[in-house]
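The residues making up each chain are set out below.
Protein chains: 2
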Amino acid sequence: MSTAGLLVIGNEILSGKVVDVNSPYLAAELRPLGVELLRILTIPDDIDVIANDVRVMSKAYDHVFTSGGIGPTHDDVTLEGVALAFGRDLVLDEEMCRRMEDAVGRPLNESMRKMAMLPEGCERAEAENLWFPVVAIDNVYIFPGIPELFRKKFESVRDRFRGVPFELKRVYVTQHESEIAHHLNSLLSDFAELMLGSYPRLGEPDYRVMLTLESRDAGYLERALESLLSRLPADIVHRVE
Amino acid sequence: MSTAGLLVIGNEILSGKVVDVNSPYLAAELRPLGVELLRILTIPDDIDVIANDVRVMSKAYDHVFTSGGIGPTHDDVTLEGVALAFGRDLVLDEEMCRRMEDAVGRPLNESMRKMAMLPEGCERAEAENLWFPVVAIDNVYIFPGIPELFRKKFESVRDRFRGVPFELKRVYVTQHESEIAHHLNSLLSDFAELMLGSYPRLGEPDYRVMLTLESRDAGYLERALESLLSRLPADIVHRVE
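Residue numbers (the working numbering), protein chains in the order written: chain A, 1 to 241; chain B, 1 to 241.
No wet-lab data here; the hints were simulated from the structure.
Think of the CB as a built atom: it goes at the ideal place given N, C-alpha and C, for glycine as much as any other residue.
Hints are supplied without guarantee of correctness; some may be wrong.
[Stated by the list, open to error] Pairs of lysine-lysine residues, derived as DSSO-like cross-links and limited to a Cα-Cα distance of at most 30 angstroms, are as follows:
1. A:Lys17 to A:Lys152
2. B:Lys169 to A:Lys17
3. A:Lys17 to B:Lys59
[Claimed, not checked] FRET-style restraints, in silico, Cβ to Cβ:
4. A:Asn185 to B:Met1: 44 to 50 angstroms
5. A:Gly121 to B:Asn129: 55 to 61 angstroms
6. B:Asn129 to A:Glu120: 55 to 61 angstroms
Starting from the given sequences, assemble the full structure and let the hints guide the process.
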């Protein structure tokens, strides 16, 4: 069982100009891998802030992912921040330069050389069909903010993170949360290890609350589900999936 | 000029079951009010984690907003966490009980009474057409996770946060970031106070990069925009808005 933190880097998200779609994507990807995502943190393009948060998260979680800030412009300072977090220098990576020159078909300008400045001693995991690899330092994986590239790159390293997955059941009920809360409490007193969520939805025609039951143990989950269904009045259960 | 942090509380978001739409909503609302959102943090439904992060954020920013975890079920522990952050007790609020009884038309059950347990000495700001007020302690405003209610409640207190707004211009260019980065750097050396963002987009038919220029000073912004347009080759500017 492993844990993770996600660091989203970008003024554009904090200022409401761009909607972060990488967080929901990664959250939904990590769960079936069995990785428990414990923190998503969105911060500005600021080297010292990045360095400090990377340092804290790298110690707190098994895996840390960053999103954004690795392009060629002045506001792309993620690599610098991550390098600072680990007390490393950025050094020009000659092989990356050659690849970029091959990709663009001419000598690199200064902005492109900036993208080939990588933290000393970093790992470079190849991403299929992309000339730029996934750069990792220690347990920190650095991904671009552009959603299409974030996805391609995560897919290229996804299997590294595979563990014991969570099993999930959903129960949709037609009653208000406050009418079923005591059933949930009594279920948890019998199934203390169950991860149980209760989420009211407005404007759904068929149900008022989605309950989620999760466990890494499929048998335990099945017994908890049966127990819940025996507690709830049958006519308030809209469906189970 | 004021700053803010947003604390999103909910296992459902970290585990990829529910997409957080309150963060992009609040980010887009705060910006035109002139409030600088500096951190968005998503954490589990865990009293001690909530208490700790509320304490840190309350000291770091002028305003802190929380989203989620204030319903009647076992996983709704935000009020308890916020109270703990400020060393306060939760106490049964008799007026809230009366309101809830009026709303449901019968005596409250235990789960509903849980919702009327509020931190000692909290402020209750009335939200139009909602029986449950916006609860605030010190500089921390507590909002529900349900998007419809989050919006209604934020709207009811929005005017408290109004300051000097940011003015924004967008310039769409047809070149790659790495081809224009040196123009951006030279612009910033003349306009050091300008907030300048550069965001590549894949799959847009008409442009490759969206540049954003921001300032609280409209004249300064106008001069910076003119300066940028004089630096960029005219044929790579797709549009300005």
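Against the structure, the hints:
1. A:Lys17 to A:Lys152: Between A:Lys17 and A:Lys152 the Cα gap is close to 23 angstroms, so the pair holds against 30 angstroms.
2. B:Lys169 to A:Lys17: It holds: about 11 angstroms lies between the C-alpha atoms, which stays within 30 angstroms.
3. A:Lys17 to B:Lys59: holds, 26 angstroms
4. A:Asn185 to B:Met1: 44 to 50 angstroms: holds, 46 angstroms
5. A:Gly121 to B:Asn129: 55 to 61 angstroms: For B:Asn129 against A:Gly121, whose Cβ atoms are near 59 angstroms apart, the range 55 to 61 angstroms holds.
6. B:Asn129 to A:Glu120: 55 to 61 angstroms: For B:Asn129 and A:Glu120 the Cβ distance comes to about 59 angstroms; the hint holds.
The earlier numbered hints are all upheld by this structure, with none contradicted.
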